[in-house]
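Participant: Residue numbers (my numbering), protein chains in the order written: chain A, 1 to 583; chain B, 1 to 157; chain C, 1 to 429.
What the hints contain is simulated information worked out from the structure, not anything from laboratory work. A few of these clues could be false.
Said to hold, decoys possible - DEER-style ranges, computed between Cβ atoms:
id, chain 1, residue 1, chain 2, residue 2, range
1, A, 59, C, 12, 42 to 50 Å
2, B, 146, A, 98, 57 to 65 Å
3, B, 39, A, 282, 58 to 66 Å
4, C, 421, A, 168, 18 to 26 Å
5, A, 295, C, 379, 43 to 51 Å
Stated by the list, open to error - Here are some of the chain C residues that sit facing chain B, going by a computed Cβ distance under 10 Å:
id, residue
6, 85
7, 86
8, 128
9, 164
10, 182
11, 185
12, 186
13, 192
14, 194
15, 253
16, 255
17, 288
18, 322
19, 341
What the hints assert, rightly or not - Below, computed lysine-lysine pairings styled on DSS-like, alpha-carbon distance capped at 25 Å:
id, chain 1, residue 1, chain 2, residue 2
20, A, 176, A, 117
21, B, 102, A, 227
22, C, 185, A, 227
23, C, 150, A, 101
No residue lacks a Cβ here, since even glycine has one placed at the ideal position from N, Cα and C.
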Amino acid sequence: MPDPVSFVPPIGPTPAPLGLRTDRPAPAPDPSAVPTPLPQTGPDQVALSIDGQAVVVPKGTTVLQAAAQAGILVPHYCYHPGLSVAGNCRMCLIEIEKMPKLQIGCATTVAPGMVVKTRTPRVVETRKGIQEFLLINHPLDCPICDQAGECRLQQYEADYGKGFSRFTEEKVHHPKRDDIGRHVKFDAERCIKCTRCVRFCDEISGTHELTLYDRGDHTIIGTFPGKPLDNAYSGNTVDICPVGALTWSPFRFKSRVWFLKNTPSVCTACARGCNVDVATYRNRIHRLTPRVNMEVNRYWMCDDGRRSHEALYERPRLERPLLRAACGEGPQQPGTRDEAIERAVTVLREAGAEGGASQGTGAAGGSAGVVAAIVSARLTLEDLVMARRVLKETIGIDRIVVPPHEAGEDDDLLIRRDRTPNARGALIAGIAGPDAGRLRELVQDIAAGRVQGLVVVGEDPVGDGLIAPDALRRLKAMVVIDWWRSPTAEAAQVALPACGYGEHDGTVVNFEGRAQHLRASIRPPGEAEPAWRLLQSIGQACGLKAAHDSATTILSEAARSVPAIAGLSAQSMGTAGVLLKGA
Amino acid sequence: MSLPVRPETDRQIDALLTRFPRKGSALLPALYLIQGEKGHIPEAAMEYVAGKIGVSPAFVMGVVTFYTMFRRAPIGRHHIQVCMTLPCALRGAGGVMKHLEKRLGIRRGQTTPDGRITLSAVECLGTCDTAPMCQINEDDHGHLDAKTVDAILERLQ
Amino acid sequence: MAFEPLLTRNIHKENPASIATYMASGGYQGLARVLKEFTPEAFVEEVKNSGLRGRGGAGFPCGVKWGFLPKGLDKPRYLCVNADESEPGTFKDRLLIEKDPHLVLEGIIASAYAIRCNQAFFYIRGEFHGPCRTFERAVEEARAKGFLGKNILGSGFDLDLIVYRGAGAYICGEETALLESLEGKRGLPRIKPPFPALIGLYGCPTIINNVETLANVTLIAERGATWYAGIGRPKNTGPKLFCLSGHVKRPGVFEAPLGIPLLELIHEHAGGMMHPDRPLKAAVPGGSSMKILPAANCDVLMDFDSLAAAGTSLGSAGGFVMDTSVCIVDALLNLARFYAHESCGQCTPCREGTGWFVKILTRLENGDGQPGDIDLLAEVASRVEGNTICPFGEAIAWPVQSYVAAFRDEFEAHVTQSTCPLGAAAGRS
Numbered sequence: 001m002p003d004p005v006s007f008v009p010p011i012g013p014t015p016a017p018l019g020l021r022t023d024r025p026a027p028a029p030d031p032s033a034v035p036t037p038l039p040q041t042g043p044d045q046v047a048l049s050i051d052g053q054a055v056v057v058p059k060g061t062t063v064l065q066a067a068a069q070a071g072i073l074v075p076h077y078c079y080h081p082g083l084s085v086a087g088n089c090r091m092c093l094i095e096i097e098k099m100p101k102l103q104i105g106c107a108t109t110v111a112p113g114m115v116v117k118t119r120t121p122r123v124v125e126t127r128k129g130i131q132e133f134l135l136i137n138h139p140l141d142c143p144i145c146d147q148a149g150e151c152r153l154q155q156y157e158a159d160y161g162k163g164f165s166r167f168t169e170e171k172v173h174h175p176k177r178d179d180i181g182r183h184v185k186f187d188a189e190r191c192i193k194c195t196r197c198v199r200f201c202d203e204i205s206g207t208h209e210l211t212l213y214d215r216g217d218h219t220i221i222g223t224f225p226g227k228p229l230d231n232a233y234s235g236n237t238v239d240i241c242p243v244g245a246l247t248w249s250p251f252r253f254k255s256r257v258w259f260l261k262n263t264p265s266v267c268t269a270c271a272r273g274c275n276v277d278v279a280t281y282r283n284r285i286h287r288l289t290p291r292v293n294m295e296v297n298r299y300w301m302c303d304d305g306r307r308s309h310e311a312l313y314e315r316p317r318l319e320r321p322l323l324r325a326a327c328g329e330g331p332q333q334p335g336t337r338d339e340a341i342e343r344a345v346t347v348l349r350e351a352g353a354e355g356g357a358s359q360g361t362g363a364a365g366g367s368a369g370v371v372a373a374i375v376s377a378r379l380t381l382e383d384l385v386m387a388r389r390v391l392k393e394t395i396g397i398d399r400i401v402v403p404p405h406e407a408g409e410d411d412d413l414l415i416r417r418d419r420t421p422n423a424r425g426a427l428i429a430g431i432a433g434p435d436a437g438r439l440r441e442l443v444q445d446i447a448a449g450r451v452q453g454l455v456v457v458g459e460d461p462v463g464d465g466l467i468a469p470d471a472l473r474r475l476k477a478m479v480v481i482d483w484w485r486s487p488t489a490e491a492a493q494v495a496l497p498a499c500g501y502g503e504h505d506g507t508v509v510n511f512e513g514r515a516q517h518l519r520a521s522i523r524p525p526g527e528a529e530p531a532w533r534l535l536q537s538i539g540q541a542c543g544l545k546a547a548h549d550s551a552t553t554i555l556s557e558a559a560r561s562v563p564a565i566a567g568l569s570a571q572s573m574g575t576a577g578v579l580l581k582g583a
Numbered sequence: 001m002s003l004p005v006r007p008e009t010d011r012q013i014d015a016l017l018t019r020f021p022r023k024g025s026a027l028l029p030a031l032y033l034i035q036g037e038k039g040h041i042p043e044a045a046m047e048y049v050a051g052k053i054g055v056s057p058a059f060v061m062g063v064v065t066f067y068t069m070f071r072r073a074p075i076g077r078h079h080i081q082v083c084m085t086l087p088c089a090l091r092g093a094g095g096v097m098k099h100l101e102k103r104l105g106i107r108r109g110q111t112t113p114d115g116r117i118t119l120s121a122v123e124c125l126g127t128c129d130t131a132p133m134c135q136i137n138e139d140d141h142g143h144l145d146a147k148t149v150d151a152i153l154e155r156l157q
Numbered sequence: 001m002a003f004e005p006l007l008t009r010n011i012h013k014e015n016p017a018s019i020a021t022y023m024a025s026g027g028y029q030g031l032a033r034v035l036k037e038f039t040p041e042a043f044v045e046e047v048k049n050s051g052l053r054g055r056g057g058a059g060f061p062c063g064v065k066w067g068f069l070p071k072g073l074d075k076p077r078y079l080c081v082n083a084d085e086s087e088p089g090t091f092k093d094r095l096l097i098e099k100d101p102h103l104v105l106e107g108i109i110a111s112a113y114a115i116r117c118n119q120a121f122f123y124i125r126g127e128f129h130g131p132c133r134t135f136e137r138a139v140e141e142a143r144a145k146g147f148l149g150k151n152i153l154g155s156g157f158d159l160d161l162i163v164y165r166g167a168g169a170y171i172c173g174e175e176t177a178l179l180e181s182l183e184g185k186r187g188l189p190r191i192k193p194p195f196p197a198l199i200g201l202y203g204c205p206t207i208i209n210n211v212e213t214l215a216n217v218t219l220i221a222e223r224g225a226t227w228y229a230g231i232g233r234p235k236n237t238g239p240k241l242f243c244l245s246g247h248v249k250r251p252g253v254f255e256a257p258l259g260i261p262l263l264e265l266i267h268e269h270a271g272g273m274m275h276p277d278r279p280l281k282a283a284v285p286g287g288s289s290m291k292i293l294p295a296a297n298c299d300v301l302m303d304f305d306s307l308a309a310a311g312t313s314l315g316s317a318g319g320f321v322m323d324t325s326v327c328i329v330d331a332l333l334n335l336a337r338f339y340a341h342e343s344c345g346q347c348t349p350c351r352e353g354t355g356w357f358v359k360i361l362t363r364l365e366n367g368d369g370q371p372g373d374i375d376l377l378a379e380v381a382s383r384v385e386g387n388t389i390c391p392f393g394e395a396i397a398w399p400v401q402s403y404v405a406a407f408r409d410e411f412e413a414h415v416t417q418s419t420c421p422l423g424a425a426a427g428r429s
């Protein structure tokens, strides 16, 4: 039986653009309508009626899930499909025939012939009451609350509330702006005690930092003194907090959520490839939040991934081509794109690269050992395919090394030791897998002067401490393609500006062999462009007959020739990705 | 690191761990042992007992703050808890409390400056037949009025 | 009335709690009879036939509850004795524990035998220091005599009993909160279903019975279901302990068959009203969570069904009485404070509603009430009632609703006169 929660449309942290909400309350059923007769079911199925609709669900499904399957939203706060059922918010109380009390949809299992009603006057009145209760001690500070616009209290008050309160008393006061964790702020007055965050730390991260303190209307979420909410997944507590109690410190007061545009994409901080929504406003990425993919990351992502876009704004960008006369001599000067491509081709030829209009491919291998390349497994599949065609097949660089990036160990949840998002893509593209040994040899050969020219795409071996800047002085040619002015880019003769995270389309293949679509969500700064396009231009200058205008055509061409990705396309990947055959 | 409790308490807590079908059940009795030794439950002892039982310190804190009998801070040598719930209130608990406050020179929730007596207002102690009543440490005192209260205070050292 | 005390037969003896006293009057012979003459299943039937209804508050038939245990499940079964007596006005279990612990213990052992349980727990409220010590002593005595431990009375039946102290939380009297507490957690009631008979302590089938219920089991063990069913009224069988406190001359616990008139309890057993010049204003027959009866409606019989018909409940039979000096608003405020203090804070209506009641009632009592406040109280109560995880919601909603309904004029007077007409606010602590 499939995980019964998996078909629940999760109402995640994602703000839907105004007017496009998919979670509107169901319209009240027509009381005069004749209920649909319940169909016959299989042995593991249950047929029941919800608001007059016949619904067939697997045994063990809850009423809330069954309703969701029928397109009927039963409003809820504490229920989350990825967590155990707490049943404390009472917002999902619904009417079930033959049961005198209202029942909570989240904890009531369907039974054959059950007649569920989610929109009766009694249910409607009860929801108004729950809303009123939740708001009596709430500060009602939406104008200064980051959650406004994606706050369930707000949303449900509009959909189910009375719109006013009869509470005229002094509210219960609690601490505000509490640094409950390194990246998480806690406003205890906004908290509705749904315990999603507590359950997350108990059940998912397994770190148990959070607890309920005290009781009655003084109940409050808290940590043990000196033991803050500080685990590798703490940001998820913010996502699942249905109100503005837990906020992600880096995002506080950065943007109103209704200005944000979400682009479904993939996190590239490790080989898991967690599905994310990239939230942008005014051409800037403001946050990454997990996008549900039950096959990859379920509802979650790690804090490192969540913060991975911050590098875009912390590191100096490479916005236009930079050139210098010879390795290690004088400062770099800006140049035009054409100059830079021409210079790159020239210096690589001088260093011994054989590529050229007359030669077609570099199969002769004359440049082996003379010109080498370091290509990153952080690049997209399209970048890597182009890197193979240009560097290996056109220029004739046989020695292409992919550096590994590993840290720690795989954990039990999401984080992978392999911090590259596309190591399998590098293999599929015909480059190579990450290989520390080959990288070490290359570094030694550079230091010993046995390498004359070096192309680096998307890597920073200098900054990573692998190559001493002095060693690079012996190179005759050094061409770097990267999104930022890394120490490696600064050492280059020719540095070409590439797109950073979120600025280009492409494909990444995670550690399990799942191809996923990385989507552009912002425009690159200055003259930066996708790495494949820069590589293609170098290739074209060396006689490559290729003129791709988008990553899409690179992928479709590769999908025709590389069996591992046969038939792969943006369409086939959709938003959930596709597991490659033989993966 | 030195133990935050006496070796004897530590040994008793170890014995509790195997007394129940699941060792989680040992938490409440262990907290009683700690409070018995220390007079309250310091944070270091919460961490210690969390380690013994295999739960997080936060979990222990949640438990300590849930139950009114567990104290996070020291109190006076004598803890006078006056029941204020309706059956006692009907028979004059309010007057008893006021008398105590006057005699001790403190308000409910406070401790005398010499650390001798802490005065608390509490909810029903299940002895309504002797209302109004109070509990002083582990002993119940019923049928209170100004005179009996004075006599009790005389005896408290 | 020629009623032979059964539950309180030993309490006036010398050393009532000692096993010697208990055994001198035939104690533990009922247990011996059960172990010898009954299979466990047969004794479950016997208790069913006795008609014994739970004495904790809900009045659910005890034998039927036992019958809910799943058959053929390879898991231990637990019996948890609910000695977390915390309902204001209730102190009957305390009397049994202090004065006749072996009467309770014998019932525990017989019940554990009936439900095939080898590990029982006695969850006693933490504030009961003295009763707890008495009971622990009784357990040691019983163990020494072979009524607890391995192969009890040669029957092959083993039983261990652990006395577990609560630590100050009214809610732990709710059976699933009790289980949570017993597992060493915050006492938050669980969502039901699943019921404890199926998934209880440590996830195993569990029966939770009240102290007085189990003392009654001893009586059934001694003298049989037929005899037992002859006491009281149909469907409301057996002797019952009634607590009475508040404005009566002799507050206390009184034993009588179920169905004794409330007024008889007040005027005969409890010696009548405390002050001759202050007549009865109202009584709460069942404990603070139950609905109030104004004096005019106090001519009722004290059993489950009669009180239900009168619009209230027997509850834990923790009755208390108020005379005409009492301000009803002040009394309700007092209870609201209790419930606000004791709400576990888990579910929304109870957590938020209990505090709200206190705030409205405080204003009313202080003369700051608004005309809409009285309807608001009742309305908020109706939004709490039935919508919470556990019966605590009703425990506060019912007093609020019934006090307001029965004494609306008095509430209104607080608003129109902008003060407490009885001056209770000024006199209150």
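Participant: Decide, hint by hint, whether the structure agrees.
Facilitator: Hints and how they fare:
no.: 1; hint: A/59 with C/12: 42 to 50 Å; verdict: 59 Å, violated
no.: 2; hint: B/146 with A/98: 57 to 65 Å; verdict: 59 Å, holds
no.: 3; hint: B/39 with A/282: 58 to 66 Å; verdict: 59 Å, holds
no.: 4; hint: C/421 with A/168: 18 to 26 Å; verdict: 23 Å, holds
no.: 5; hint: A/295 with C/379: 43 to 51 Å; verdict: 49 Å, holds
no.: 6; hint: 85; verdict: 5 Å, holds
no.: 7; hint: 86; verdict: 6 Å, holds
no.: 8; hint: 128; verdict: 7 Å, holds
no.: 9; hint: 164; verdict: 7 Å, holds
no.: 10; hint: 182; verdict: 6 Å, holds
no.: 11; hint: 185; verdict: 7 Å, holds
no.: 12; hint: 186; verdict: 4 Å, holds
no.: 13; hint: 192; verdict: 20 Å, violated
no.: 14; hint: 194; verdict: 18 Å, violated
no.: 15; hint: 253; verdict: 7 Å, holds
no.: 16; hint: 255; verdict: 14 Å, violated
no.: 17; hint: 288; verdict: 6 Å, holds
no.: 18; hint: 322; verdict: 6 Å, holds
no.: 19; hint: 341; verdict: 5 Å, holds
no.: 20; hint: A/176 with A/117; verdict: 39 Å, violated
no.: 21; hint: B/102 with A/227; verdict: 42 Å, violated
no.: 22; hint: C/185 with A/227; verdict: 20 Å, holds
no.: 23; hint: C/150 with A/101; verdict: 45 Å, violated
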